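> Letter by letter, the chains look like this.
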Amino acid sequence: MQDLWSDALKEMESTIPHAAFQAWFKNIELISHDKNLTIIGVANIFAKSQFEKKFNEIITTSLKNHSLKSTKIEYIIISKNKKPTSRQNETATATIKSSLKSKSPLINNGLNPRYQFSNFIIGSNNDLAVAACQAVVKNPGTKYNPLFLYGGSGLGKTHLMQAVGNEITKNNPLTTVLYTTIESFYKEFVAAMRFTKGFSDKYRNVDVLIVDDMQFITGKEKSQEEFFHTFNDLHQKNKQIIISSDRPPREIPTLTDRLRNRFEWGMAIDIQMPDFETRSAIIESKASSAGFELPSEVTEFLATNIKTNIRELEGSLNQLLAYCEMRGVAPDLSIAEGLTSNLSTTARPRYLTPKQVINKTAQYFQISPKDICSAERSRHIAEPRQIAMFLLRNELKLSYPKIAIELGRKDHTTALHSIKKIEKAIKLDHFIREQVNEIREKLYV
Amino acid sequence: MKLQITQNKLSKALSIASRIATPKAGLPILNNILLRTDKSSLTISSTNLEVAIIESIPAEISKPGSITIPAKLLAEFINNLPNKPITLEVIKGNLKITSDQYKSTINGIDSDDFPELPILDEEKVVSFIIPTDEFKEAITQTIVTGSNDTTRPALIGVYFNTFENDLFIAATDGYRLAERKFIENVADDIALIVPISSLQEVLRSLSEEITEIKILFDENQVKFQLNSIEITSKIIDSNFPNYRQLIPKTTDVNIILNTSEFLRVTKLSSLFARESGGSIIIETNSKDNNLIISSVASEVGENNSTISVDVDTDSKITLSSRFLIDALNHVSDSEIKFGFSGKLAPVVVKNSKIDNYTHIIMPLKS
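Each protein sequence line maps, in turn, to chains A and B.
So for the first sequence, the working numbering puts the first residue at 1087; every next one is plus one.
So for the second sequence, the working numbering puts the first residue at 11; every next one is plus one.
So here's chain A without its partners, still in its complex pose (with noise of 0.2 Å):
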């Protein structure tokens, strides 16, 4: 076909002046055909008004003549400085979304397509709780109902839960799923009280209800009844609710008896912290996504020095595969740490004393820094002590020797004593994890 095309060319060219020949035709390219559409590429608008108006019939002619003719010849402006990756879809392509289109009935379920399990990456940090995930979405309200994630901000809930959403409604398009966060269910519901109708319609004709930071619910009384009512309503009807916050439904303060009882209902999973494999791994994803390739002490070192949050985590990487792309260089270690040394410390305080450790520590188990560090040997004092040690050793990385002495030991093998039974504990006993998991980020507040 393309021999025919350039066939086409020179008897054009012959027809045509060679001046306007060169100005116009030596750009243009036969994109497909066939007898109902011919398309060429041309290279920008103002080729494409000549061709449009102008050159039109002496294509239509050629094309008849070398056996390529079409009933229609479509013209479209090709560029040749456009990366043909995956990226586009994700960067800024030239668009223009006018507002009626965007404004489809079908998205208004608050699902993000862009959240799919192919995408979500699992270690052993989230590995239970994408195993009930997809235990949910095979037996849509059956298996674990409700269905409680619990997890630090910036951990996956929402994707995974979002994932159980599209993966749903592909198995099966006509289940209705509705995605929704605390925040917005509390708004309409303020609205339906003064005008509308039709909220608990919303809300209670579905097959499954995913509702996210429902730690957010704090001190909102009439809300909580009308969630109590439209939990207990779909919960009788098999219809499957998934709800997510950022501690487990014992811990969310002013939440009603009745509701807290019925999150524990079901299954109740938490989210922990990635570790450092999980960490490599969801920056290789993300980055190839994006149509880079990191060398991997790039990789390793974001991995080793974003350890919190996975949000922040693609923060970094973000900015760095911005950067790399503004200034056209490719991504590697002493951009990385340029930039990441301002993100981390901007992030959080750059110093933080034992003191404020302890302090944080004593605050959070509700008894004062001097108890913590007193002889007292009670059980309620001395295992915030032992967190305490094991803080300053982890977060501070101070000698034993040190934390011994900021606590008011005389000798190092008591803090050696209590962090090795602290780093067993956090192992065993997820209790333990989450309180150390808790102080630690109110530690960086």
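For the record, the hints were derived by calculation from the structure and aren't laboratory data.
All values reported here derive from a predicted model rather than from experimental measurement.
A portion of the hints provided could be inaccurate.
[As the list claims (entries may be wrong)] Part of the chain A face toward chain B, derived, beta carbon under 7 Å:
id	residue
1	A1109
2	K1140
3	N1142
4	Y1409
Backbone N, C-alpha and C define an ideal beta-carbon position, used for all residues, glycine too.
Following the hints, position chain B against chain A.
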């Protein structure tokens, strides 16, 4: 074609339209300007195949028609005529110009050879209206950081993009970036790159009578409507860097500086920075509460200036004085917010009060 028209109106229109008429690879017709009559006006068009200018001026038409005439010659000739009515008449493919005692004939080319100018796709058009002053300030503030490196086509344009319902414009040359909030609360989402050269044409065509500008986009082109002048430009079909990620949300050092004082000191420093490619060192001292700007040229001497300022962090950064001067020349407030952190993170310059402009500069490696 035969018509009568006033000299000053025609001269003004020609001076705008003739600017872009330049001969281009094998198309001598682009050197010309197209004159075409409408019912009661004369339409003047010119194009360089990246941008097209169409103007319409009232005229007394006695015989409709059209012709193309070498742009620069016609513009200069009309410009030097006295401000009196002019008669234009096409006789055998040439344009006869008569005014008072002046007469001349210029050889023309048939208007059929003139390129067809693109027309917006009405169905896909989104449009915005902006006051001229606002347009002028915003565009000037952004194109300063644009690039002229044609190997990276996205950077020779200004990126018009909506973010959280506001329309922003941004430009970068890879070393610095300026972003300006352009229009608040817009209904349509767009993300399109307009060539800087086209925007400069728009800026040059502005005059006092034009109080607002209508901007119309479709997928492939943009049209700026300035009263009777229409400037149509192609859009750059490329990906603009995902720049929002690069603007630091917070910085370690945050200081407020008097714009003109900081500018003066930077200029002083830049005199000694020629040897080092314009690099100057900016240092904060929290103990003495001041900002020290210094540069060294081993053969000339050195410069060291201090501005007293409220600062609580000690930090140091090396910057291009040229870039900093550009930034300071384009903020609109008398005071600026100046922020940086670490040696490699971007420096942020903002207005202290009106939060609509962000100018960031990549530091130099010291």
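> State for each hint whether it applies.
Structure-based check of all given hints:
1. A1109: 5 Å, holds
2. K1140: 6 Å, holds
3. N1142: Interface hint status for N1142/A: violated (11 Å vs cutoff 7 Å).
4. Y1409: 6 Å, holds
Hint 3 from the earlier list is the only one contradicted by this structure; the remaining hints agree with it.
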